[in-house]
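Position chain X against the provided structure of chain D, taking the given hints into account.
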Amino acid sequence: MTMNEYQILLFLLGVASVIEMGRRLSKAAQPYRKTLAEKGEFLLSDPTVPADIKRTIRVFLGEAFGGRLLLIATCIAIPIFAFIFAFFPRFWSSIADRRKKLSGENAKIYDEFIRLSNIVSFANHPIILACVFIEIALLFTPALIIRTLIKGAIQVPDNFYAINVNLESYIHDLLPMRLPVRIYRH
Amino acid sequence: MGDALGDNQSGLHLKTGKLEVTASDGLIGSFLDFLSYIWFGTIDRMIGHPVFGVSALCLLFLIVDRIYRARREKYALEIEYRKWRETAIIQKSLPFKEIDDNIKE
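So the sequence lines, in the order shown, correspond to chains D and X. Counting in our numbering, the first sequence runs without a single skipped number right up to 187 at its last residue. Counting in our numbering, the second sequence runs without a single skipped number right up to 162 at its last residue.
Honestly, the hints are just simulated from the structure, not real lab data. If you're wondering where the values come from, they're calculated on a predicted model, not measured in any experiment. Misleading hints may appear alongside valid ones.
Unchecked claim - A few chain X residues that don't get close to chain D, going by computed Cβ distances all over 12 Å:
| # | residue |
| --- | --- |
| 1 | 89 |
| 2 | 108 |
| 3 | 133 |
Claimed, not checked - The list that follows gives simulated cross-link-like pairs (lysine to aspartate or glutamate, DMTMM-like), each with its CA atoms no further than 20 Å apart:
| # | chain 1 | residue 1 | chain 2 | residue 2 |
| --- | --- | --- | --- | --- |
| 4 | D | 28 | X | 101 |
| 5 | D | 28 | X | 90 |
| 6 | D | 109 | D | 47 |
Ideal placement from N, C-alpha and C gives every residue a C-beta, glycine not left out.
Chain D with its partners taken away, still in its complex shape (with noise of 0.2 Å):
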């Protein structure tokens, strides 16, 4: 194995670009994070809104800097998801149709939280969030036809869009050690 002058820098070139986008990429979410704090602790405040819903937001809220834990977990997981999601469709709605328990105007909020935290995550953790979509892609869309098969139908369920978000949290309440709560000191 040997490296010429340029190889060399052309590496030191790329660790100094990827640490520069990730700095970038952090302060160009911060935005999106205030509003995903906004909207979260609305419903968080919402007496209506499940207990289960309520710990995916703060799983969330409390993740905006951080994830990498949860999102190499789900990545782990998804080929087991994508099998319960072809064979299992009962056990795979109480996994992902959380949403349904949401009134009209709080759904509509849950789902702007989901897209705010997609885009945290993406900002966080890019290529590992690029990861587990593809993975989702390239599973759930085989999963989807067996399913089809079998019933007949297709049955796209309603949050497809948000499946990595379902999976995170779920995935969050079987670790048997919960990630750590970060306590700021200001």
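What follows is chain X alone, placed relative to chain D:
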């Protein structure tokens, strides 16, 4: 002056002017070989090629500077986010339109 690490090890090979990595037993050995290759190889070339040396030093400085700046900014953003959440908890509901306007700006 001979090779600093011997003929059959990674790192400086001043006789041939080439840098080699030899396979060691085990994962840790290979990793140490790789590190020594990067470290001694870079120093060797910095001595031999001043332009490369200066460029590499500048890039290393840039990396350290970016890491330091990223950490400092992230800490500031986290504090700002925390304060924003506390404000939202106190006020319970703020006009979303105002926040959306901030994003558009």
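A quick look at each hint next to the structure:
Against the 12 Å criterion, residue 89 of chain X stays outside the reach of chain D, whose nearest CB is about 14 Å from its own CB. Consistency note on residue 108 of chain X: stated as away from chain D, yet its beta-carbon is not over 12 Å from all of that chain's, at 9 Å minimum. A beta-carbon of chain D is positioned within 12 Å of the beta-carbon of residue 133 of chain X; the least distance is around 10 Å. For a cut-off of 20 Å, the pair hint linking residue 28 of chain D to residue 101 of chain X is broken: about 39 Å separates their Cα positions.
With a C-alpha separation of about 38 Å, the suggested pair residue 28 of chain D and residue 90 of chain X falls outside the 20 Å cut-off, and the hint is violated. Distance check on the hinted pair: residue 109 of chain D and residue 47 of chain D sit about 14 Å apart at the alpha-carbon level, within 20 Å; holds.
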